[in-house]
Amino acid sequence: MSWRLFVYILWTVLLVSGALSASYYAWSPFSDEVRGGHAFYGGSTHK
Amino acid sequence: MSGVRTVSCPNCGGSLEVRAAGYSVSLGCRYCGSIVDISRPEVALIAAYNREAATFTLPPGVRGTLFGTEWQVIGALRRSDGEATWDEYLLFNPYIGYRWLVASEGEWQFGTMLLDRPEGDVDSVTWRGARYTRAMHQPDATTETVVGEFYWRVARGDRARCSSFERGNNSLSLEESDGEVNWTLLVPVRAREIESAFGLKRDDPVNKRRSLYVSRADDSDDLPRMYLISTVAAIMALVLMLVLAGPTQRAVGAIKAPFGTTREGQLIGTIAIARPWQFVTIHAQGSDFENRWVDIDYSIVDRSTGQSVDGYGLVEHYSGRDSDGAWSEGSRATNTQFGRLPRGTYDIYADAQAHAWPVDEAPQASGWNAPEVLDVRVEARTGSVPWGNFWTLLLLLMAVPLLVTWRRVRNQE
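Which chain is which? The protein sequence lines are A and B, in order. When we follow the working numbering, the leftmost residue of the first sequence carries the number 115, and every step to the right adds one. When we follow the working numbering, the leftmost residue of the second sequence carries the number 3, and every step to the right adds one.
Bound-form chain B, shown alone (with noise of 0.2 angstroms):
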């Protein structure tokens, strides 16, 4: 390495070696923690730092091949977003410039500055042809810890506004502070490498911070958990849900559906729910009509309070043909759930009346002058599992990795 050059401390008279002359402006002093001036010829003391926050894992001077290239750690930063900690190292190599490393609980991440600045919204920037999308993490960070020189004039107590932009496992960084706009592309780099590359100890703590705003290599990991998670718990879910809805008890009945008028009060059966609260389900099967539809409507009754919970049922089914060719809709078959039942004996009643269509009219008579009638089997049971809960459930604990993955694949097109 060239440019190198010895400037005194103002604060402790300690001797500094300046390795980017010329280019830094900033240098935090090695023996009291002062954070110096260097831009100036008489080197000012800009500010006092607490001298045991520089336990970085590469202090400054430390050298390391890296890509094939040889650099110079000439300062390190923490930054913490209030909730998370990481540390950022400047590489210096004089032929080249400055680059960056990013530790962060044990991921590593190395980072060039980009001259040319990505284009886009708020949502998603293209960079050289690359969609980046917006990451979900994005704090503000304030630095913590200054050891070494920077080309720029930094202070414990900084602040800078942050966004990460994903495609893959890279990332653009942006950063925004006092009117400047940095741009930064980040791409992983195994740990294995900085170990190789800068000499260190695998099980060295420094390594071992969590970050939310670096880790998103660690954050991919979480993906096969959070299927395996939520195929555990919907399985459990669904379990526990069948113990909970009790008991099975069932009544069967019949019902000759009138045209023209309503067939009221028609007992089905009587059934008894067991637990504190039971839903009742009940399955409606009409008889193989055609351009027909019932209307039923269910009374639960309960014998002890006389009180009733009220529901509507419909089998219907439609065919023809038309310029499309033949057609039919509807069902035979319906099921209507009632839930909140209480404890309790209930009588099962129903009302029905038989529709024709398109004209709702009256049938033609039997051949006996007996007014025609839909025969529709009614049967109420108890301890009917409510799918509709079930299938919400495995929706929203799906959902989450779901759009993990959507967001991966999208990044990665």
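Just chain A, same shape as in the assembly (with noise of 0.2 angstroms):
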């Protein structure tokens, strides 16, 4: 196994190691909770 292989491999831990733990404790980058609600404007942006 070379040296780049074992790297990309604790790189693949890393990786599935955060995105397991995020899913358990339901955290997300892209979750929509501290959107605020009031300050939108609507409507269409056709032009």
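Derived by calculation from the structure, the hints in this document are not laboratory data. Any given hint could turn out to be false.
Coverage of chain B stretches by chain A, computed from C-beta distances (three or more under 8 angstroms per stretch; other residues unrestricted) [stated by the list, open to error]: (1) 148-162; (2) 241-247; (3) 278-289; (4) 307-321.
Don't be surprised by glycine CBs; every beta carbon is placed ideally from N, CA and C.
Reassemble the complex: the two chains are provided individually, in unrelated frames, and hints are given to aid placement.
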């Protein structure tokens, strides 16, 4: 096994561990609960 | 071969053959391991080194025919970048000159010194119309062992700054030391050819040293494994994320969103979060309206504490016709995901207000003079998967093998 593959496996383990931890704690940088609801102006942006 | 002369080692008195007489300036004594300066008539001792290190696959003096030319190994270096070690052999033919063989982890490369310098910058160079891109690993090489004779003064501990530029399986090696710059074209040679040319045994343990600097052929075999690892890891992660998302519970309700005012505190339903933490996703689906939008403010209220987590949703759809023809935009459906909700029972509330476009005014009343409203169906459910997390994971997993593939394709263009 090459050094590059070894580092990639470590990277994979790190990513999967992070994703599973985020799932367990129900955390996501894409969740919407921090969005404020009143400052938005709606309507079409078509020009 | 011609041009052979004999000198005596000033350290041990051993008789040494100079195979490239007139070209070589340094010679390692095969009896005591001293490095001898043979460029001067009196043959001076330069330095002593450990004789045990002279354990090379191709000892000086060995001959072999490679690419139709008979070569004699006249010198060998063992070099290291601190992590990896590799061997470099100096080949000599009196009619052709010098060439190199580089051995690392059983991979071999044949090196030819360049007389015409490549041109370029730190990221890529061009040589004879071909573009070579810089390799990832750029180690500084330190000479650890010297055996045989060389056309420059060489000593243990010599350091050189190395760079490598790749194009497919070939590479250009740049070495800089003491203000001197040398370029070498390295092309891979199959180990079987080396074994056949020099009569080596396949299980020679010396061939199994690992290296970062010259083992690119070995690295290239990692690519299918990287794709396999990333695919397996992504599938495993998805299955576990589905499991961790937990049980699903739904609450469904409907909102009649009025124009010009906000319908507040509409209870959608109640859900229970069964796991320590769960996501809640609220899906809103508007009725078949046109040129309207509905603002929806959600509040997920914990019954035990009274605290709420707020969020926002928007359903909208617009259409019209202009000089380019018909157009439409927006979506009458939207998802809002809430994270970090601890175990408990929650009431889902929504405030909603409808708007018209392009003028936000109350539309015409219907036949019985009742104000127009927009119907929006709202469904809240626990146990949703954070797809943003999964796609990010997949992107980061695939980034490395895709980058390697891209570099390889670019090098082969």
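For each hint, the structure was consulted:
Three residues within the 8 angstroms Cβ limit are the bar, and the stretch 148-162 of chain B against chain A gives 0, so the coverage statement is violated. Here the stretch 241-247 of chain B counts 4 residues with a CB under 8 angstroms from a CB of chain A, which clears the bar of 3, and the coverage holds. Here's how the stretch 278-289 of chain B fares: 4 of its residues keep a CB closer than 8 angstroms to some CB of chain A, so the rule of at least three is met and the hint holds. Evaluation of the coverage hint for the stretch 307-321 of chain B: fulfilled, as 7 residues show C-beta separations to chain A shorter than 8 angstroms, against a requirement of three.
Hint 1 from the list above is the single one not met by this structure.
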